[in-house]
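Take these sequences, add in the hints, and give me the full structure.
Chain by chain, the residues:
2 protein chains.
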Amino acid sequence: MTTAHAPIHSAAPAHFAPVPLDKAYRLLNHGPTVLVSASHAGQCNVMAAAWACALDFAPPKVTVVLDKATRTRELVQGSGHFALQLPTVPLAALTEALGTESAHTHPDKLQRHAVPLFEAPALPGITPAQSPLLVQGCAAWLVCRVIPEPHNQQAYDLFIAEVVAAWADERVFRQGHWEFDTAPDSLRTLHYVAGGQFYATGASIKV
Amino acid sequence: MTTAHAPIHSAAPAHFAPVPLDKAYRLLNHGPTVLVSASHAGQCNVMAAAWACALDFAPPKVTVVLDKATRTRELVQGSGHFALQLPTVPLAALTEALGTESAHTHPDKLQRHAVPLFEAPALPGITPAQSPLLVQGCAAWLVCRVIPEPHNQQAYDLFIAEVVAAWADERVFRQGHWEFDTAPDSLRTLHYVAGGQFYATGASIKV
Numbered sequence: 001m002t003t004a005h006a007p008i009h010s011a012a013p014a015h016f017a018p019v020p021l022d023k024a025y026r027l028l029n030h031g032p033t034v035l036v037s038a039s040h041a042g043q044c045n046v047m048a049a050a051w052a053c054a055l056d057f058a059p060p061k062v063t064v065v066l067d068k069a070t071r072t073r074e075l076v077q078g079s080g081h082f083a084l085q086l087p088t089v090p091l092a093a094l095t096e097a098l099g100t101e102s103a104h105t106h107p108d109k110l111q112r113h114a115v116p117l118f119e120a121p122a123l124p125g126i127t128p129a130q131s132p133l134l135v136q137g138c139a140a141w142l143v144c145r146v147i148p149e150p151h152n153q154q155a156y157d158l159f160i161a162e163v164v165a166a167w168a169d170e171r172v173f174r175q176g177h178w179e180f181d182t183a184p185d186s187l188r189t190l191h192y193v194a195g196g197q198f199y200a201t202g203a204s205i206k207v
Numbered sequence: 208m209t210t211a212h213a214p215i216h217s218a219a220p221a222h223f224a225p226v227p228l229d230k231a232y233r234l235l236n237h238g239p240t241v242l243v244s245a246s247h248a249g250q251c252n253v254m255a256a257a258w259a260c261a262l263d264f265a266p267p268k269v270t271v272v273l274d275k276a277t278r279t280r281e282l283v284q285g286s287g288h289f290a291l292q293l294p295t296v297p298l299a300a301l302t303e304a305l306g307t308e309s310a311h312t313h314p315d316k317l318q319r320h321a322v323p324l325f326e327a328p329a330l331p332g333i334t335p336a337q338s339p340l341l342v343q344g345c346a347a348w349l350v351c352r353v354i355p356e357p358h359n360q361q362a363y364d365l366f367i368a369e370v371v372a373a374w375a376d377e378r379v380f381r382q383g384h385w386e387f388d389t390a391p392d393s394l395r396t397l398h399y400v401a402g403g404q405f406y407a408t409g410a411s412i413k414v
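Protein chains in written order, with our numbering: chain C, 1 to 207; chain A, 208 to 414.
Where hints are given, some of them may not hold.
To be verified - Pairs of lysine-lysine residues, derived as BS3-like cross-links and limited to a Cα-Cα distance of at most 30 Å, are as follows:
#: 1; chain 1: C; residue 1: K23; chain 2: C; residue 2: K206
#: 2; chain 1: C; residue 1: K206; chain 2: A; residue 2: K413
#: 3; chain 1: C; residue 1: K206; chain 2: A; residue 2: K275
#: 4; chain 1: A; residue 1: K230; chain 2: C; residue 2: K23
Because the hints were derived from the structure by calculation, they are not lab data. Note that the structure is predicted; figures quoted are calculated from it, not measured.
Following this line, the structure appears as structure tokens:
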């Protein structure tokens, strides 16, 4: 028997705290690179995406671009759900690898990179089989339900979804605010450019 | 006679250099907050937007969310064009102001904030009256042509556009690459959260 994913640590990580849905847009507002995960029919995959963006406040919505060549897109289309999660600086190399290797050509990519997965808390309207596994070590996680828009998906690879639950590492996102300046630097999020070049989220500027 | 915008400095700023279209996505990949400008029927406006994102490589496309209440959206719909530009750290307060004040209620907002505008180079297929004015002091500029998608615009305030020309400050984006670490810190771009809270683009991480 083979499994498409690394061993699941079913316990949520320490500091995993719910984020009210009306604050969920703030998790994406600063433009971080994300990991996209999805599960369907016993398969799970995780890819990296720089092209994810908030779309609305309440209910919170997001956009994400999922290329037709990706295995993750197939799982998203099968389950109608995905998670966006914000990798931190220590996950930069993993993020690059998950963004360049496809599960089509590297079916063992999650195992080879020992991607540490855990199960999201149970959510109404999502069966366990549809529920995307989440990646440990991220700064925030958003579980999203696809709003079917076939033209956008076909013409632009653009998926629109509603955020149905969100969590963050409470050391770095507290009471609806990012606290990068007082949290460990290892919790700073990533902004991808190209060719393995990222920038960390930098200095706070309050006006 | 009144004018809806501050005096135009028609000369492009120093260090204003063209970016090849196949590298234009890199200007947005790291998730910066943008200023959106548009001109139509002798009027110009500039607003801030955190929800802009790359959508495709070649031809480069972008998405941007433009609320129905904004004056800039009316100008975008009238002219079929807009510019996205990346404000730098010294422009944080201006960016916050341009994002919170509407030209509907503050018709003199560009004048009051002395927004320094300049004309984009002439572009094929864009009349001078349609050509968005650009904001001095930004790190990069992208002129975009709307791809009409009425359902997205109505249902989600989501505009899709093709990038038809791009430029960057050559001190910070050279040969297709951001060079934040060797450029003056005043050229770092901004990432907005909420309530006047920005983060600058931070440390380089190369994997």
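Each hint, compared with the structure:
1. K23(C) to K206(C): Holds, because 18 Å separates the two Cα atoms, which is no more than 30 Å.
2. K206(C) to K413(A): holds (28 Å)
3. K206(C) to K275(A): holds (27 Å)
4. K230(A) to K23(C): violated (33 Å)
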